[in-house]
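Using the sequences and the accompanying hints, generate a full structural model.
Take any residue in the sequence shown, count from 1 to its spot, add 35: that is its number in the working numbering.
Hints in this document: simulated from the structure, not taken from any laboratory. Just to be clear, a hint being listed does not mean it is correct.
Stated by the list, open to error - Simulated restraints, written as ranges between beta carbons of each label pair:
(1) Gln-38 x Gly-96: 39 to 47 Å
(2) Glu-102 x Leu-142: 48 to 56 Å
(3) Thr-72 x Trp-118: 36 to 44 Å
(4) Ser-39 x Arg-119: 16 to 24 Å
(5) Glu-147 x Gly-106: 15 to 23 Å
(6) Glu-123 x Ser-39: 20 to 28 Å
Said to hold, decoys possible - Restricting the straight-line Cα-Cα distance to at most 20 Å, the calculated cross-link-like pairs of lysine to aspartate or glutamate (EDC-like) are:
(7) Lys-44 x Asp-90
(8) Lys-114 x Asp-60
(9) Lys-44 x Glu-123
(10) Lys-115 x Glu-145
(11) Lys-114 x Glu-51
(12) Lys-44 x Glu-92
(13) Lys-115 x Asp-60
(14) Lys-115 x Glu-47
(15) Lys-115 x Glu-75
Only a predicted model underlies this, so the values are computations on that prediction, with no experimental measurement involved. From the three backbone atoms N, C-alpha and C, an ideal C-beta is built for every residue, glycine too.
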Amino acid sequence: MKQSASNRKVNEQAREVIASILLFDVSDPRLHLVTITGCEVSYDRSVCNVYYTTDPERYAGAQAAFEAAAGHIRSLMAKKLSWRVAPELRFYVDTSVDQAEAISQALNSEREHQEKRIEEEIIGEDREY
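Have a look at this one:
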């Protein structure tokens with residue numbers, strides 16, 4: 036679905052506020068080093084899907100911490116935003132960062148393999164003469 040400029044602005048505003056709350060107002064150690072990668076706020080601003088990433092081994096702890104702190108984050112978000120409604124927060128793991136890292140590692144491995152193969156071919160050609 037195509038987003039309007041105002042909807043993108045609302046999404047970015049929600050992301051910035053939630054990231055700020057995590058950085059300065061939430062003291063749960065399970066939420067340290069968690070990055071908010073994006074937000075999708077419904078058109079009526081009643082629901083906000085929050086996407087986050089962290090180390091893969093910390094996903095379960097972060098999800099549990101978000102479930103425990105959702106009400107507190109929501110109330111702080113309502114105080115910082117001038118919206119008529121405080122949206123219900125739904126937290127989802129964003130694995131696209133992990134997928135991008137896996138692709139990057141695969142490409143680096145393939146590049147090293149190709150460089151090694153080319154180097155072996157060059158050395159093999161030098162030996163023939």
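Quiz prompt | Pairwise hint evaluation, Asp-90 against Lys-44, where the allowed Cα distance is 20 Å at most | solution = Answer violated: Lys-44 to Asp-90 is near 28 Å, above 20 Å.
Quiz item: Is it true that the CA of Lys-115 sits at most 20 Å from the CA of Glu-47?
Solution: 14 Å, holds
Self-check item: Pairwise hint evaluation, Glu-75 against Lys-115, where the allowed Cα distance is 20 Å at most
Solution: 18 Å, holds
Quiz item: Given the proposed pairing of Lys-44 with Glu-123, does the C-alpha separation stay at or below 20 Å?
Solution: 18 Å, holds
Quiz prompt | Verdict for Thr-72, Trp-118 (Cβ pair) under range 36 to 44 Å | solution = Violated, at about 21 Å.
Self-check item: 20 Å limit on alpha-carbon distance, applied to hinted pair Lys-114 and Glu-51
Solution: 14 Å, holds
Quiz item: Given the hint that Lys-115 pairs with Asp-60, does the C-alpha gap stay at or below 20 Å?
Solution: Holds, at roughly 12 Å.
Quiz item: Do the Cβ positions of Ser-39 and Arg-119 conform to the proposed distance bound of 16 to 24 Å?
Solution: 19 Å, holds
Quiz item: Is 39 to 47 Å a correct range for the gap between the Cβ atoms of Gln-38 and Gly-96?
Solution: 32 Å, violated
Quiz prompt | Given hint Glu-145 paired with Lys-115 - CA-CA distance at most 20 Å | solution = 48 Å, violated
Quiz item: Within 48 to 56 Å or not, the Cβ separation of Glu-102 and Leu-142?
Solution: 36 Å, violated
Quiz prompt | 20 Å limit on alpha-carbon distance, applied to hinted pair Lys-44 and Glu-92 | solution = Violated, because 32 Å separates the two Cα atoms, which is more than 20 Å.
The earlier numbered hints that this structure contradicts are 1, 2, 3, 5, 7, 10, 12.
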